[in-house]
Amino acid sequence: MKAGVIVFPGSNCDHDAWYAVNENLHGRAEFIWHDSTSLGDIDAVILPGGFSYGDYLRCGAIARFSPVIKAVKKFAADGGLVLGICNGFQILVEAGLLPGALIRNRDLKFICREVQLSTETPASPFTSALNQGQILRVPIAHGEGQYFADERTLDELESEDRVAFRYVENPNGSAHSIAGILNHQRNVLGMMPHPERACDPLMGSTDGLGIFESMLASLPNAVPVLSR
Amino acid sequence: MKITPELIAQHQLTTAEFDKIVALLGREPSYTELGVFSVMWSEHCSYKSSRIHLKKLPTTGKYVVQGPGENAGVIGIGDGWVVAFKIESHNHPSYIEPFQGAATGVGGILRDIFTMGARPIAVMDSLRFGPIVGTPESEHNRRIVEGVVSGIAHYGNCFGVPTVGGECIFEEGYSANPLVNVFALGVCKEDEIFYAKASGIGNPVIYVGAKTGRDGIHGASMASAEFTEESKQKRPNVQVGDPFLEKLLLEACIEAMKTGAIVAIQDMGAAGLTSSSCEMGSRGGVGIDINLDLVPQRETGMTAYEMLLSESQERMLIVAEKGREEEVFRVFRKWGLDAVTIGVVTPDGNLRIRHLGQVVAEIPNPALADEAPKYDRPHNVKPHRRAPLDAPANLPVSTDLSADLLKLVASQDLCSKRWIWEQYDYMVRTNTIVGPGSDAAVVRVKETDQSIAMSLDGNGRYCYLDPREGAKLAVAECCRNLATTGAIPVAATNNLNFGNPERPEIMAQLVEAVEGIAEACTFFETPITGGNVSLYNETLGEGIFPTPVLGIIGLMKTAQPAPVRFVREGADLLLLGGFGKCEDRRFGGTQYAKVILSQLWGLPPRLDMDYEKRVHDAIRALIAADLVESAHDLSDGGLAVALSESSTNEIGATVTMPASQRQDLALFGEAPSRILVSVRDAARAQEIAAKFQVECPRIGATMKGRLQIGDDSKMLIDLSTSDLKLAFEASLPRLLQTHE
Numbered sequence: 151m152k153a154g155v156i157v158f159p160g161s162n163c164d165h166d167a168w169y170a171v172n173e174n175l176h177g178r179a180e181f182i183w184h185d186s187t188s189l190g191d192i193d194a195v196i197l198p199g200g201f202s203y204g205d206y207l208r209c210g211a212i213a214r215f216s217p218v219i220k221a222v223k224k225f226a227a228d229g230g231l232v233l234g235i236c237n238g239f240q241i242l243v244e245a246g247l248l249p250g251a252l253i254r255n256r257d258l259k260f261i262c263r264e265v266q267l268s269t270e271t272p273a274s275p276f277t278s279a280l281n282q283g284q285i286l287r288v289p290i291a292h293g294e295g296q297y298f299a300d301e302r303t304l305d306e307l308e309s310e311d312r313v314a315f316r317y318v319e320n321p322n323g324s325a326h327s328i329a330g331i332l333n334h335q336r337n338v339l340g341m342m343p344h345p346e347r348a349c350d351p352l353m354g355s356t357d358g359l360g361i362f363e364s365m366l367a368s369l370p371n372a373v374p375v376l377s378r
Numbered sequence: 008m009k010i011t012p013e014l015i016a017q018h019q020l021t022t023a024e025f026d027k028i029v030a031l032l033g034r035e036p037s038y039t040e041l042g043v044f045s046v047m048w049s050e051h052c053s054y055k056s057s058r059i060h061l062k063k064l065p066t067t068g069k070y071v072v073q074g075p076g077e078n079a080g081v082i083g084i085g086d087g088w089v090v091a092f093k094i095e096s097h098n099h100p101s102y103i104e105p106f107q108g109a110a111t112g113v114g115g116i117l118r119d120i121f122t123m124g125a126r127p128i129a130v131m132d133s134l135r136f137g138p139i140v141g142t143p144e145s146e147h148n149r150r151i152v153e154g155v156v157s158g159i160a161h162y163g164n165c166f167g168v169p170t171v172g173g174e175c176i177f178e179e180g181y182s183a184n185p186l187v188n189v190f191a192l193g194v195c196k197e198d199e200i201f202y203a204k205a206s207g208i209g210n211p212v213i214y215v216g217a218k219t220g221r222d223g224i225h226g227a228s229m230a231s232a233e234f235t236e237e238s239k240q241k242r243p244n245v246q247v248g249d250p251f252l253e254k255l256l257l258e259a260c261i262e263a264m265k266t267g268a269i270v271a272i273q274d275m276g277a278a279g280l281t282s283s284s285c286e287m288g289s290r291g292g293v294g295i296d297i298n299l300d301l302v303p304q305r306e307t308g309m310t311a312y313e314m315l316l317s318e319s320q321e322r323m324l325i326v327a328e329k330g331r332e333e334e335v336f337r338v339f340r341k342w343g344l345d346a347v348t349i350g351v352v353t354p355d356g357n358l359r360i361r362h363l364g365q366v367v368a369e370i371p372n373p374a375l376a377d378e379a380p381k382y383d384r385p386h387n388v389k390p391h392r393r394a395p396l397d398a399p400a401n402l403p404v405s406t407d408l409s410a411d412l413l414k415l416v417a418s419q420d421l422c423s424k425r426w427i428w429e430q431y432d433y434m435v436r437t438n439t440i441v442g443p444g445s446d447a448a449v450v451r452v453k454e455t456d457q458s459i460a461m462s463l464d465g466n467g468r469y470c471y472l473d474p475r476e477g478a479k480l481a482v483a484e485c486c487r488n489l490a491t492t493g494a495i496p497v498a499a500t501n502n503l504n505f506g507n508p509e510r511p512e513i514m515a516q517l518v519e520a521v522e523g524i525a526e527a528c529t530f531f532e533t534p535i536t537g538g539n540v541s542l543y544n545e546t547l548g549e550g551i552f553p554t555p556v557l558g559i560i561g562l563m564k565t566a567q568p569a570p571v572r573f574v575r576e577g578a579d580l581l582l583l584g585g586f587g588k589c590e591d592r593r594f595g596g597t598q599y600a601k602v603i604l605s606q607l608w609g610l611p612p613r614l615d616m617d618y619e620k621r622v623h624d625a626i627r628a629l630i631a632a633d634l635v636e637s638a639h640d641l642s643d644g645g646l647a648v649a650l651s652e653s654s655t656n657e658i659g660a661t662v663t664m665p666a667s668q669r670q671d672l673a674l675f676g677e678a679p680s681r682i683l684v685s686v687r688d689a690a691r692a693q694e695i696a697a698k699f700q701v702e703c704p705r706i707g708a709t710m711k712g713r714l715q716i717g718d719d720s721k722m723l724i725d726l727s728t729s730d731l732k733l734a735f736e737a738s739l740p741r742l743l744q745t746h747e
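Protein chains in written order, with my numbering: chain A, 151 to 378; chain B, 8 to 747.
No wet-lab data here; the hints were simulated from the structure. The reader is advised that the hints may include incorrect statements.
SDA-like mimics (lysine to any residue), calculated; alpha carbons at most 20 Å apart, straight line [said to hold, decoys possible]:
| hint | chain 1 | residue 1 | chain 2 | residue 2 |
| --- | --- | --- | --- | --- |
| 1 | B | K218 | B | R340 |
| 2 | B | K265 | B | V347 |
| 3 | A | K259 | B | C175 |
| 4 | A | K259 | B | S738 |
| 5 | B | K732 | A | R263 |
| 6 | A | K259 | B | E153 |
| 7 | B | K732 | A | V265 |
| 8 | B | K453 | B | K564 |
| 9 | B | K341 | A | H184 |
| 10 | B | K341 | A | I212 |
| 11 | B | K341 | A | L258 |
| 12 | A | K259 | B | K218 |
| 13 | A | K259 | B | W426 |
| 14 | A | K152 | A | E308 |
| 15 | B | K424 | A | S186 |
| 16 | B | K218 | B | H362 |
| 17 | B | K341 | A | S186 |
| 18 | A | K259 | B | G154 |
| 19 | B | K711 | B | W426 |
| 20 | A | K152 | A | E264 |
| 21 | B | K424 | A | I261 |
| 22 | B | K329 | B | T353 |
| 23 | A | K259 | B | R425 |
According to the in silico footprint, chain A covers these stretches of chain B (three or more CB under 8 Å from chain A) [said to hold, decoys possible]:
| hint | stretch |
| --- | --- |
| 24 | 157-165 |
| 25 | 246-254 |
| 26 | 351-364 |
| 27 | 431-437 |
Listing some non-contacts, in silico: residues in chain A with all C-beta distances to chain B over 10 Å [what the hints assert, rightly or not]:
| hint | residue |
| --- | --- |
| 28 | E180 |
| 29 | D228 |
| 30 | G246 |
| 31 | G283 |
| 32 | M353 |
| 33 | A367 |
Since we're looking at a predicted model, the values are computed, not measured. By construction, the Cβ of each residue, glycine as well, lies at the ideal position given by its N, Cα and C atoms.
Extracted from the complex, chain A is given alone in its bound form (with noise of 0.2 Å):
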């Protein structure tokens, strides 16, 4: 899997989702700029955490106004996998693909902690590799990852099967506990807990390699994944 990180003006976790890939994984991964208006050849696109432009105004508002965002959106349109975790959540939902928003923790709060996640649904290229049910261990770190929508929508993401995790003790006062969801197609993810957190032995948990090897497994032309 050649996957494309998008690095914004204050993207932090760029990196980290870059060495998920590359180290933990064994795929490949590059930095695709926020100005750059096409992807390059790759598979999918990973929109990682941080604060992108600060997250002033509101989060993942003014990112949606790069230019590399057209390019995600036609990626995307043409049947793309595209991961947003956290903040690239935020952007996603910013950006239309992704219905909702995301708003201030129930607490007022910025919480960093190690959650728990029940696998919603294993029928998306994000979490093939997982069972119905299936609880990850993952980190959340975001002060703004309440998922709010209005009940049409929340109704239409549940009848679709679109919530594809959701957390086993809501940490945020999210609305139905969602902590990620699919669009229609079921290739655009975003969730607000951080997988590519939980790939390593040494940072407590590898639970978030199922969805990166999920998104592997679901590729064309895909290759085992090495054993690890």
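Got chain A sorted already, so can you dock chain B onto it with the hints?
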């Protein structure tokens, strides 16, 4: 403007200092020059009260690549890689404006690290506040805590550096003088270190980063005086931080350094443009000529005085190779930052400032940086202390040790600081092997097979009772924290927080503490490679406890260390170092004396450095032999509290104490040189300890669900691990939500 005695006094310069300025210049200074001298010669920038004593600290060793005198110390970690690290205080600003004061404290130390070419990979904080319950100031103190913690989180999280550990203590004396000491560590290749030494006559001086505004003018002078009722008016002196801009500045600086066009680089911290230019010039033995008209400005109509003394954040000064400016500009343009040539390196050794077509200041660089006053302030008196030496007659004997333990575990100093550190992103960059809440933090260096263990420690109570011994104990504790994770301590940084040095009994505290640090850091082979001195931590004549804070780093092969908490039932429990002794007199500085007895007396615990070092060697040997399942060093609260902290994960322990007259002293005494370990093979572990001539009694075994401590005759303490966990974890959020 005419220079009057009043104006000189307003600039916190003495008559003698003013006379020295006149002698150095051969004339009276201009108003602008007076301002420049006042900041460069302030206590904060010049270390005029402490310099002669700081010389006593050991600064060299086999790992040291760069000692004090640069923006940060540098240590070699092998394979051509180095780490740069330092601690710095932002105490005064954090009292006046907690959020921005703490935030810009983080920003300042981060710039010190990346100005050396090192990418920051870890931050830790040592915090001291007034009590958050039970005093008239508590409500205000709670607001300071909230502000400081969210300020640190705001800056560090956005910048993308993990805040991996620290300490947080509450004491009366810090009510009006909170301490915010921030430690940062970065990594780079040894041949890619950058220094702040200007060279190359004719080379351009380039200003990069944020525009200059009127914020922070005279911040350094503010940090060099006691607080009074009027101090609140100094709020405009506190700068406002922009972590996003700093993140861009980091990336741009590191990218620009790779062009090879940069000769020297220095951040603009305290005293801003003035200190960065004169220090770079002074280090290189050259002059610097600056035209203020070219400085990017945020406000209109700024005077030369204001621009020179502004402490606007997120700015750097670069000396580049002549003719290669465009390579530097191109990088900064990419990151959307200002980069402008504002001056040139000259041969005459002078700092020359031009503004609106006139030379407004012309001062020999060494006069500002090296000729600053140096005082041997009187200190031949006993260090200030009001506490009695002897324990109170009829020292009360505990009637309910279980209740005392629960109270201690839930007390402000000892309770879990999770509420604080969960607001910090402690994992970003995926290097954090051990994060907050352990004895030492451990961060891997991905490019090597090495990890850096780091610990911050200070104990104001111990230092108040005996500054020399207290300082030595802090060094010993840091080194013990590192050893407990299996690391070898290699170097240190220190932050000396004291009151008014013009009072001999305060100066005596400083001198004693520095000498104690020197002795211990020499003994433990942890040279001091840099640090910070914060004096005048007094408000209305009331000072803080003398609080030297040590930050010590250690090296270890990258691996997952044994956890602090017990991992399984039925493991043998050893007390490496032995029970130790606790006399009445050495009990008066303990947490038990503070929390349960509300008293302070006597002396700090007795430290035998030679024994301490053998304990460190022994624990590393036990870890190397793969015998250790959990390890936790004993410190505040003694054996009982260490057992409780290790029991907060459902596995407790059953422990038998040797017979003693005073089990409260034995359980809560804070003798150093002790580590609680649960092991796989007790007999082999004891053999290894014996080789180092270290006591290592088996004190019991781990068990499910309870912590039970008894002696031959009776049960002393019997608590469920869930009660202990609740007391430990729920306390701080509850205390902070108190409404009095």
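The hints, checked one at a time:
{"no.": "1", "hint": "B:K218 with B:R340", "result": "holds, 14 Å"}
{"no.": "2", "hint": "B:K265 with B:V347", "result": "holds, 19 Å"}
{"no.": "3", "hint": "A:K259 with B:C175", "result": "holds, 19 Å"}
{"no.": "4", "hint": "A:K259 with B:S738", "result": "holds, 18 Å"}
{"no.": "5", "hint": "B:K732 with A:R263", "result": "holds, 18 Å"}
{"no.": "6", "hint": "A:K259 with B:E153", "result": "holds, 11 Å"}
{"no.": "7", "hint": "B:K732 with A:V265", "result": "holds, 19 Å"}
{"no.": "8", "hint": "B:K453 with B:K564", "result": "holds, 11 Å"}
{"no.": "9", "hint": "B:K341 with A:H184", "result": "holds, 11 Å"}
{"no.": "10", "hint": "B:K341 with A:I212", "result": "holds, 17 Å"}
{"no.": "11", "hint": "B:K341 with A:L258", "result": "violated, 34 Å"}
{"no.": "12", "hint": "A:K259 with B:K218", "result": "violated, 30 Å"}
{"no.": "13", "hint": "A:K259 with B:W426", "result": "holds, 10 Å"}
{"no.": "14", "hint": "A:K152 with A:E308", "result": "violated, 31 Å"}
{"no.": "15", "hint": "B:K424 with A:S186", "result": "violated, 43 Å"}
{"no.": "16", "hint": "B:K218 with B:H362", "result": "holds, 17 Å"}
{"no.": "17", "hint": "B:K341 with A:S186", "result": "holds, 12 Å"}
{"no.": "18", "hint": "A:K259 with B:G154", "result": "holds, 12 Å"}
{"no.": "19", "hint": "B:K711 with B:W426", "result": "violated, 27 Å"}
{"no.": "20", "hint": "A:K152 with A:E264", "result": "violated, 28 Å"}
{"no.": "21", "hint": "B:K424 with A:I261", "result": "holds, 14 Å"}
{"no.": "22", "hint": "B:K329 with B:T353", "result": "holds, 13 Å"}
{"no.": "23", "hint": "A:K259 with B:R425", "result": "holds, 13 Å"}
{"no.": "24", "hint": "157-165", "result": "holds (count 4)"}
{"no.": "25", "hint": "246-254", "result": "holds (count 5)"}
{"no.": "26", "hint": "351-364", "result": "violated (count 0)"}
{"no.": "27", "hint": "431-437", "result": "holds (count 7)"}
{"no.": "28", "hint": "E180", "result": "holds, 17 Å"}
{"no.": "29", "hint": "D228", "result": "holds, 29 Å"}
{"no.": "30", "hint": "G246", "result": "holds, 24 Å"}
{"no.": "31", "hint": "G283", "result": "holds, 25 Å"}
{"no.": "32", "hint": "M353", "result": "violated, 6 Å"}
{"no.": "33", "hint": "A367", "result": "holds, 23 Å"}
In the structure shown, a violation is registered for the earlier hints numbered 11, 12, 14, 15, 19, 20, 26, 32, in ascending order.
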